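Chemist: Sequence:
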Amino acid sequence: MFLRIAIFFVLIITNIEAKIIENCKWKNKKEIPCITISKTPNTSAYSSEGVNKIIITKEDIDKYGAKDITQILDSVSGFSVYQDGPQGQKTSIFTRGSESNHTLVLLNGIAINDQSVTEGLHDFGQDFLQTIQQIEIYKGSSGAHFGPSAIAGAINIVTDIDYTNSLTASTFNGHNNSLSGNYTIITDNDWHLNLKSSTLRSKTKSAKADGSEKDGTKNYQTNVNVKKWINNNLKFKSTLYSRRTVSDYDDSDTKEIGYVVDNKMHSIQASLEHISKNTEDAITFHYHNYDRDYDDGGYLDEYESESLVTKAERKVRFTDRISFGFGSEYKYDWGAFENRGSYNQSTRGHMKDAGFFANTGLKFSENSILSLYGRSDDHNTTGGNQTYKLNFTQKVNKFIFGATHSTGLRNPSLYELYGSNNYGYKGHSGLNPEKSKTNELTGTYNFSDNLSFNLAAYKTTIFDRLEDNGSFTATENKKTDLTQEGLETELFFKGNNQSFSFFGNFSKSRNTDGQAQLRRPNLTYGSNYTKGFLNDFLGPFYLNLNYKYTGKHIDIDNGRLKMKSTDIINMSLSKNMFGSVFSANISNLLNERYERPATYSQEGRQLRLGFKKIY
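Here the sequence shown is numbered in numbering that gives the first Met the number 0, starting from 0 and rising by one per residue.
Honestly, the hints are just simulated from the structure, not real lab data. Treat each hint with caution, since some may be false.
Unchecked claim - Restricting the straight-line Cα-Cα distance to at most 25 Å, the calculated cross-link-like pairs of lysine to any residue (SDA-like) are:
1. 227 to 310
2. 89 to 515
3. 314 to 397
4. 530 to 501
5. 310 to 292
6. 551 to 511
7. 530 to 580
8. 89 to 226
9. 436 to 135
10. 362 to 318
11. 436 to 493
12. 507 to 493
13. 310 to 219
14. 478 to 430
15. 458 to 516
16. 611 to 219
17. 551 to 565
18. 397 to 478
19. 611 to 161
20. 551 to 466
21. 530 to 577
22. 234 to 167
23. 436 to 460
24. 507 to 574
25. 57 to 493
26. 57 to 327
27. 276 to 231
28. 227 to 311
29. 263 to 311
30. 227 to 279
31. 397 to 447
32. 57 to 70
33. 89 to 449
34. 226 to 318
35. 263 to 314
None of these values were measured; they are calculated from a predicted model.
Put together the whole structure using the sequences plus the hints.
Modeler: In structure tokens:
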């Protein structure tokens, strides 16, 4: 306890004056942004649209010095990360005590949760930061915004054009290496062409707590962005995203001889956006596929899924006080499951979902706003279902109060409906969707332009829960409900080239019988501090400190285990010099030894040295 208190106060009292450094380079081309020193992410107070939103920019990511996206998300209030071993291994995110598949993941605004994997969740262990331009986090029920599976929130990964041409190399402890590059060209007729590419190779100890086997990960990513203003109002955008991750896993806590997973994902997206004085129109076409091969030394499982999405929407601003938006979305999912082992079976299936959505914003005064979102989905197996969200925001002097009531749902995944594996699992096409209702109260007090405090209290009840039948041979709808309730606090400060944030989350996740849910700590809190220093000769120097406390919780390994609390500190240093950035990042500074989940040890202290050349 003393250590946690000491860290907290050290981060608060560190307040060395420094000059604000700003380097704004404008080019005579459309949409090339001003490049500035990184700013603190937006606070999570409700906006005028009734959306609880945090934006983490590319500058924030670079400043933080994180090794992957999981480290970024673990520093956000209400998020808990569970990784089956070192970097690149299967990773789940629990948002506000909800299930990991209750957080919808989007790529440039389109849902990409893998429908062929168990429970249809997204594996964050496959997401590396090299090609990511921005991360948008939406906390709280967001189904009416984005569609099914956003019961606890949504995360939008943005891979937009990066106009800073660069080459980046880094090494972790001498045996985990990465190389990435970014290059953008602008043609004479204003075509914007951007290529991002990266490769990462890691070799680490066994994920098993007492193992000695070497596990490794290889990751390859390519991202191509194209943008063109056809005229003053019409814009064309297209993105091609491709990644492949090959990882060694431990088969179980009793078997060190692991298995290999070859995970491939490809996505292509194109959109037309028309912007006028009072309207915004957009049409988007999106295709992605997942292809995963599990090689378990004699047993081979192959999983494949494809998704095709078309989306059209319009936003209309009638007056300064009335706005309206509506649109439609059609999604087709197909999956195939091949098991070549003791069961030697093959299954396949498809899903179709047609969604229609609308929203309106009413601004009664400069300080009083009402927002209403509604969505109707027609699914080929679960039928028609509706979700909605109602938010009221009131500002009184420096205080902003918000109240929200919303509903959500999660349709069964392709795997839950039609999947199979070599251990006897078979899908069930008669499943009902999970449904939820959420109430949330928020308060924000802005002490000044540089200091704000947020408080949120929430309660979510989930009905018809989709879980395994206890023998892992099928998925079923549980009769018992699940209740998640909690209190969330956030403090943000930004000053002279420095920023500080503190967050805390107390939550309980219980079913109707009062049993605590696995991997849901009741208490988490942490802080983040960033400071920039000016050297007139050598250029700016940056320091970032991040601290996260994760409280005791329950996990399972042939029985319910009590997992200990952890204190994790990460530190990064970066120096801008001679048109390059030199960095040193230390993960798990205190070399904390812990397991998360049970029987899977996490990485100890790691030193990463990085170099980025800017052209």
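Chemist: If a hint holds in the structure, say so; if it doesn't, say that too.
Modeler: Status of the hints after comparison with the structure:
Pair hint residue 227 plus residue 310 holds up; C-alpha atoms about 20 Å apart against a cutoff of 25 Å. With a C-alpha separation of about 23 Å, the suggested pairing of residue 89 with residue 515 holds against the 25 Å cut-off. Our distance criterion of 25 Å between C-alpha atoms is broken by residue 314 and residue 397, whose separation comes to about 30 Å. As the CA atoms of residue 530 and residue 501 are separated by approximately 15 Å, the hinted pair is consistent with the 25 Å bound.
Between residue 310 and residue 292, the direct Cα distance comes to roughly 31 Å. Violation of the 25 Å bound is thereby established for this hinted pair. Distance hint between residue 551 and residue 511 is fulfilled; the C-alpha atoms sit about 22 Å from each other, no more than 25 Å. Restraint check: the Cα-Cα separation between residue 530 and residue 580 comes to about 16 Å, which is no more than 25 Å; the hinted pair holds. In summary, the hint linking residue 89 to residue 226 is not supported, as the alpha carbons are separated by about 33 Å, beyond the 25 Å threshold.
Between residue 436 and residue 135, the direct Cα distance comes to roughly 23 Å. Compliance with the 25 Å bound is thereby established for this hinted pair. With a C-alpha separation of about 10 Å, the suggested pair residue 362 and residue 318 falls inside the 25 Å cut-off, and the hint holds. A distance of roughly 35 Å separates the Cα atoms of residue 436 and residue 493; the hinted pair therefore is violated under the 25 Å criterion. Only pairs whose Cα atoms come within 25 Å are accepted, and residue 507 paired with residue 493 is rejected, the gap being roughly 32 Å.
Note on residue 310 and residue 219: the hinted pairing is violated, with a Cα-Cα distance of about 29 Å set against a maximum of 25 Å. A C-alpha spacing of about 13 Å is found between residue 478 and residue 430, which places the hinted pair at or below 25 Å, so the restraint holds. With a CA separation close to 15 Å, the supplied pair residue 458 and residue 516 stays within the 25 Å bound. Under the criterion of a C-alpha separation no larger than 25 Å, the hint pairing residue 611 with residue 219 is consistent with the structure, at around 19 Å.
A distance of roughly 8 Å separates the Cα atoms of residue 551 and residue 565; the hinted pair therefore holds under the 25 Å criterion. Restraint check: the Cα-Cα separation between residue 397 and residue 478 comes to about 45 Å, which exceeds 25 Å; the hinted pair is violated. Annotation: proposed proximity of residue 611 to residue 161 holds, straight-line Cα distance about 14 Å (limit 25 Å). Among the hinted pairs, residue 551 with residue 466 is consistent with the structure: their alpha-carbon atoms are about 24 Å apart, no more than 25 Å.
As the CA atoms of residue 530 and residue 577 are separated by approximately 21 Å, the hinted pair is consistent with the 25 Å bound. At most 25 Å may separate the alpha-carbon atoms for a hinted pair to count; residue 234 and residue 167 exceed this at roughly 31 Å. At most 25 Å may separate the alpha-carbon atoms for a hinted pair to count; residue 436 and residue 460 meet this at roughly 6 Å. The hinted pair formed by residue 507 and residue 574 fails the criterion: a straight-line CA distance of about 42 Å is larger than 25 Å.
Proposed proximity of residue 57 and residue 493 is supported: the alpha carbons are some 18 Å apart, at most 25 Å. Only pairs whose Cα atoms come within 25 Å are accepted, and residue 57 paired with residue 327 is rejected, the gap being roughly 31 Å. Among the hinted pairs, residue 276 with residue 231 is consistent with the structure: their alpha-carbon atoms are about 12 Å apart, no more than 25 Å. Of the supplied pair hints, the one linking residue 227 and residue 311 holds, its CA atoms being roughly 19 Å apart against a limit of 25 Å.
For the hint linking residue 263 to residue 311, the alpha-carbon distance of about 28 Å lies beyond 25 Å, and the restraint is violated. This hinted pair checks out: residue 227 and residue 279 have alpha carbons roughly 17 Å apart, not beyond 25 Å. With a CA separation close to 8 Å, the supplied pair residue 397 and residue 447 stays within the 25 Å bound. Restraint check for residue 57 and residue 70: satisfied, since their Cα atoms lie roughly 15 Å apart, inside the 25 Å limit.
Of the pairs offered as hints, the one joining residue 89 and residue 449 is violated, with about 38 Å between alpha carbons and a cut-off of 25 Å exceeded. For the hint linking residue 226 to residue 318, the alpha-carbon distance of about 31 Å lies beyond 25 Å, and the restraint is violated. The hinted pair formed by residue 263 and residue 314 fails the criterion: a straight-line CA distance of about 36 Å is larger than 25 Å.
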